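**Student:** Grab the two chains, each in its own frame, and use the hints to assemble them into the complex.
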Amino acid sequence: MNKELYGTLIFELSRPGRTGFSLPKKQTEGGVESSIPAALRREKTLDLPEVDEPTVVRHYTNSSNNNFGVDTGFYPLGSCTMKYNPKINEEIAADATVARLHPAAPDSTVQGALEIYWTLQRALCEIGGMAEFTLNPFAGAHGELTGLMVIHAYHDSRGDSARTKVIVPDSAHGTNPASAAVCGYKIVEVKSLPDGTVDVDDLRSKLDESVAAVMMTNPNTVGMFERSIPEIAEAVHAAGALLYYDGANLNPMLGVARPGDMGFDVMHINLHKTFSTPHGGGGPGAGPVGVRAGLEEFLPNPRVMRKADGSFEARDTDTALGRISMWLGNYTVLMRALAYIKILGAEGLGMAGKLATLNANYIMHRLKDLYLLPIPGPCKHEFVFDGLIDKSTGVTTLNVAKRLLDFGFHAPTIYFPLLFHESLMIEPTETESPETLDRFIDVMRQIAREAAEEPQTVIDAPHTTPVSHPDDTEAALHPVVTFDEL
Amino acid sequence: MPHTASDIERMLAACGASSLDDLYSDVPEELRLNRPYNLPEACSEMEVRDFFAAMRAKMKPLKCFAGGGFYDHYTPAAINSILSRSEFLTAYTPYQPEISQGTLQYIFEYQTIMSRLTGMDVSNASMYDGATATAEAMMMTVAAARKRNRVLISETVNTAVAQVCATYARYHGVTLEVIPQDGGVTSRAEFEMMVKAGDVAGVIVSQPNMFGIVEDYTGWADTCHAAKALMAMNCQASPLAVLRTPGEWGADIACGDAQSLGMPLNFGGPYLGYICTTKALIRKMPGRIVGATKDAKGNRVFVLTLQAREQHIRREKATSNICSNQGLMALHTAVYCSLMGPEGLRQVNEISAANAHYLVEQLCVTGKMEQAYPDKPYLNEALMRVKPGLTATAIIEAAEKAGILAGVTVADDLLLVCATEMQTRDDIDRYVQLVKSL
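Those protein sequence lines, which keep their order, are chains R and D. Residue 182 in my numbering is what sits at position 145 of the first sequence, and the numbering runs on without skipping anything. Residue 1046 in my numbering is what sits at position 395 of the second sequence, and the numbering runs on without skipping anything.
Extracted from the complex, chain D is given alone in its bound form (with noise of 0.2 Å):
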């Protein structure tokens, strides 16, 4: 704060005021909380360093073996570098176009992007993270189909995104049902039987699922369809460069989290919630959109379109209250994408799918585990079976001790393992010998 005592002084009086407490004449009495706050005297930078390094000292980063919706890729170090350009970081949403282009265009960048990975037409300017845009998406649904409201969810969408739109739907209103999982994959009689029944607003379903496992969703959409109700998809997004499109599913909505773009895994954040559409839906999409148009000059230039801001979101009529969007994160998507390019992004998921089949067939071959779902397509992420004498949570706390972060325990017996291009062969093999010797 720049202000000297004089500084305040000439200021004061500019206003007719005598001391900065006469600018809270206002505030009854008995509301002023009249003491310093109970916290921590002011800090120099150096003190700031120390406390967070101490901090530092109390954690310990471990090679990645987890994924679970938060997937250890690689950063390219150019990210932080466009990142950390304060033209970007200390802007705030480009409410004036004029004097926004850099974020504007950005954006503009992100939603081509996007839209290419998913294969859908349209794509917003993002949302929180994975767990937030599917129960937007969730929310999409309801409001396209206006009367009905019940929403279908496969039991293979990964426990905490599902738990989220578990969250929305109860307050919302929305009756969410839980299609059951048939070897580790979503019940397809269940599904059309559910489906069938009538009244449903949409279906959510994942890929690759929370087992890591691909699943194959012919003919889904067109179930779905015929049924008028709207198919949303939940995917990973770095696996999309490779895996049959939500676009080419057929489905209505493609929603998930961005993070596998090379986003640190942060402790959980920031990440990117990210929702497309196609351009028939693009007026239900819930969130920011920034369109191209021209200026008096003629001008390609850009700026938010069709959605409310902040002031003016729709009020009492809103079907979302997002108003913002991840913004520095999707300049992080679109630097990322563009940085990789279609052959990084093929790279990162040839050698994800390689590091994890060799890291599940040499787990098999210690005798200690078995695939959950052997006969089951996957790319970087399988649920392993721990046979009798050991538990997921044995096998974890003794990784632990040696730098390794096993997996993500899903049962006693059951333990999620992932692989990235994080992971040289030699990680690979440390991790096998060690549940090899327990």
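In isolation and in its complexed conformation, chain R is listed as follows (with noise of 0.2 Å):
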């Protein structure tokens, strides 16, 4: 990564009369004047960068040298799974016949397209233990909604319309609550218990009939597994309510335990987390949704069958939950999760999720001296520290996030989980090897020494980016959120 700031927009580098296109002579006759009346065609005219595609090529390679990936450096980013991307799925995504396939071309000419999604579908009906799965799903949070939208479906298909509540625990992702609301669920919050899993008792209490579902993260958010999960299961299914579960830290129970087997009726799987598919900035990801058996009449529209003859369809049902998506979902994000499926298979895949709890307790084992653990191991993918055990030095959980910055790291998910005051939370993943974790442990252990001997120095970071401490009120008092209004 670039330390010096680029920092030009592209704006900026437009220049009247620069193109940098490419295309074919016009060959017919007629064009926009011609086909629409002035009064529905654009009066202003059309404000875009006019730039040559050796300017457009530069820009945003120096734009990127200001940015860090997964291929920078190591990225422990709590709840996010920043595993490394193996090159071969961008190579199996970026296939020109692929590209050229339009929704609404007939079924027989994309057999091959349909049956990768199907292909899919089966393995992480597998890895889930679940019946049926859903590709469509944008995202976790999307994936949440559509698992809720067949919540709802199912109860109304019963006649079961008073169940207007979902439960999610306290350290739930902020998704949960959310997810829950747009589908019009009130939120029913339940406790934590000094361990970080869910208070049954609690739980108990405010189940019954008015419960639609009860959402849960198993591991949790602070990377406990919810050993009480079966009693749970059991209590949420005789109040007539589903199990939802959110697959956000699906990684570390690969190989080991199965959502549909520790009762879980619902649920999504973030293939951008624990599929390896790139993050991209924020996106495109992809959130399926599995359901047990009984459940899949409701799936969303369009479904992906293989029919009788063994061919593949893309058709819409009647008892569906409704329509999601525009098609299929973001489908060569899919292509790249059954690429890794292939490449790590049965073996490498239950390696992947133990390697990830190895390396997550190692890094707790060996920083536990010197920060806060509140919640003793043994945790799975992630674990969360309550900031320095030392709180005299003034220094905070965010000051440790920015020093991180100064040595090459991503900093860990910060003030995450909302159970404690200075939460960092940290994953590393398996595929860090443990030089970079000793490399990372070290740096940590000379945070913690820099705090007491000389706190300036981490409250001030970081010193070496090509940012340092952006002013975010300023930024959110008065919102500037285009060039014009620069």
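Keep in mind the hints are simulated off the structure, nothing from the lab. There could be a bad hint or two in this list.
[What the hints assert, rightly or not] Mimicking PhoX-like on lysine-lysine, the simulated pairs with C-alpha atoms at most 20 Å apart in a straight line are:
{"no.": "1", "chain 1": "D", "residue 1": "709", "chain 2": "D", "residue 2": "1052"}
{"no.": "2", "chain 1": "R", "residue 1": "202", "chain 2": "R", "residue 2": "243"}
{"no.": "3", "chain 1": "R", "residue 1": "63", "chain 2": "D", "residue 2": "714"}
{"no.": "4", "chain 1": "R", "residue 1": "243", "chain 2": "R", "residue 2": "228"}
{"no.": "5", "chain 1": "D", "residue 1": "945", "chain 2": "R", "residue 2": "40"}
{"no.": "6", "chain 1": "D", "residue 1": "798", "chain 2": "R", "residue 2": "223"}
{"no.": "7", "chain 1": "D", "residue 1": "879", "chain 2": "D", "residue 2": "935"}
{"no.": "8", "chain 1": "D", "residue 1": "968", "chain 2": "R", "residue 2": "223"}
{"no.": "9", "chain 1": "R", "residue 1": "228", "chain 2": "D", "residue 2": "968"}
{"no.": "10", "chain 1": "D", "residue 1": "798", "chain 2": "D", "residue 2": "935"}
{"no.": "11", "chain 1": "D", "residue 1": "930", "chain 2": "R", "residue 2": "81"}
{"no.": "12", "chain 1": "R", "residue 1": "344", "chain 2": "D", "residue 2": "709"}
{"no.": "13", "chain 1": "D", "residue 1": "714", "chain 2": "D", "residue 2": "1087"}
{"no.": "14", "chain 1": "D", "residue 1": "968", "chain 2": "R", "residue 2": "202"}
{"no.": "15", "chain 1": "R", "residue 1": "405", "chain 2": "R", "residue 2": "428"}
{"no.": "16", "chain 1": "D", "residue 1": "798", "chain 2": "D", "residue 2": "879"}
{"no.": "17", "chain 1": "D", "residue 1": "714", "chain 2": "D", "residue 2": "1052"}
{"no.": "18", "chain 1": "D", "residue 1": "1087", "chain 2": "D", "residue 2": "1052"}
{"no.": "19", "chain 1": "R", "residue 1": "40", "chain 2": "D", "residue 2": "948"}
{"no.": "20", "chain 1": "D", "residue 1": "714", "chain 2": "R", "residue 2": "62"}
[Stated by the list, open to error] Among the chain R residues that face chain D by a calculated CB cut under 7 Å, a handful are:
{"no.": "21", "residue": "153"}
{"no.": "22", "residue": "320"}
{"no.": "23", "residue": "470"}
Since we're looking at a predicted model, the values are computed, not measured. Yeah, the Cβ is synthetic: ideal placement off N, Cα and C, and Gly gets one too.
**Tutor:** Structure (structure tokens):
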């Protein structure tokens, strides 16, 4: 990463008359003016950058040099599973044939594309312990919303319309209550015990015929396995509600235990986490939703199915909850995930989860003498420190996170979960070597030492990044969100 | 995974564990899988390539005359080169602005470009696709209206988009009512009657509409605003370069898919949903937004602003649950619009319009089809009525054998055809000859 700020915007490189495109000559008569009456045409001249191709390429190359990705260095962002994205995935997804497939093309011309989708569906069913999957949801949050719609449609189909609440633990990802609210549900929060797991008594007291679903993350956001899950599943089902699995933390369970076997009815998987599709600066991702037997009919349209003759089709059903996307989701993201599953195979997937857990426990054990570990392990794929043990230095979690940037590491997730004041959530993933972890541990120990000996060095961090201490308050008070407002 | 057996041993010792299974002592025995997944063994890269090559052999790309919400436009070569830079590709959400200026900057550029294309004040950092963006726009009108929850959607909005809106409406508690169409366009009389009935939070119309028709929305925004309703326009992005913009129509929200800005069809995705609005509604807009600010050295820098991140999203008070965006596709949009510039986008639309009109005229000449709405203006897509003796399905099937995707079947006698810069005059003639021969 370049430590000098590039900072130029493409609009500042624009010169009237420059072009960077290559189009064929017009071969037919007419055009916009002869087709569209003036009153329906654009009035204001369209102002877009006027730049040549080399300028565009240099601009974005220089800009990319101010960016940090997994390929740049260690990215221990808790709950985000920033594992390495194998390059073969990219090669597979950049398919010139798939690029030309239109969703309206006859099924007979897209059999291979449907088979890829179907094969991934089947693999996720085996991994999740579910009966059926839809791969249409675009992201984890979109998967949650889709899964809750499945649950809503299920209750509706039984005429059970008095269920208006969804229960979420207080440690849940913020998207859980947000998705439930968007799906029209009231949120009921359930408490955590001191060990970070759900308080089953509190949960029981809140379960009744007004509850549609309970959303759980397992392992939860503090990296602990919810060992009472069989008991919870039984209580939830006894109350007539369904149990939803937030798959954001599925990675450590690979090869160990399956949500379906734990008693979950509906789940989503973040392919951009567990199945190594690149995060792309925020997307495109994919949030497939799986359901246990008996709930398949509610999955959204269109669905990909194998017909009796062995061929594949994408079709709508009448019982579906409806449509949640234009077509079959972020299709090339699905191709990447299938490539990953094929490369790892049954055994490799099983190892991935265990090594992710080993990496997390290793860091935890080697830092817990300096950083406050509120919940002792063993953790799963991630764990949470509640800041430094020594609270007298004035050094906060934010300071530690920013100081890490000086050493070429991305910061962990900070101030989440909300259970602790100084949460510092670390998820190393399985693709990091012991040497990388050791270097990270050394740096974390050095920061703890600095906090004690020269706290201002940590408080003033970062010192070496292209940008230091951006004024967030000003950005929110007087939002400037386009070049035209600068 | 880099770990050797001795690495694992050393690390386990540091953790006070003797085996990897020790780390799972908290997982009850009865929940454990205790067997390998029933999945194929690990493949080599070569075998993975072979698998996908075998799948590719079962695909037959066709010369595309289909639109219906997905448009076959050219993708400039430089785009993939820039999008595959791993600094962009393998980054996550720009939570740490100090080391994420690359992502933040292209999102800021994207927001500017979308604002200019739609003629709106502001844009967010992007949504999933055009359908979900429109559903979010629907929920935004309800959130802005507080007590009112009735939203009107034109019958001429793309079917898939309308279906997604209906799904979100059902579960979100929005009463979504359809404004009927009349002669291929939204009925003005019905629209006015329904809005004046009161209690309307928002109105959703589209441009061009699902039949390819460019509708006249003169005065519609005033009617909406007189009833305190917001007007949302679902627009294909590329035609906005030449059509009257949502901003010029007086709309409050512009939303839709940016796929037409040179994103490969890719069997449905990834594309990009956009949502743009007025400065007054910026705090009601869902999703991420990037804003400019200064850093300690006085540099102009960019940060995520206004909107909550995943873990801090407004939880139970949320009116949207989106907390990511289509990052890389926003980069695609910024690069495409920079390479094309105003002249390139104008030419794309010129060629598309000319090709589409030539195609429609020639198809009419065959005597096998006629325009369903011959008096309505259209840009690159039009609805054809197939004359008795022939069906849309029969045309699709015959064309498929000739390597042509003839359009989107709307009904047995209705075929939606589209042309862009991707077809040559010869391609069009070949399609027309084929129809003639049926």
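**Student:** Does the structure break any of the earlier hints, and which numbers would those be?
**Tutor:** none
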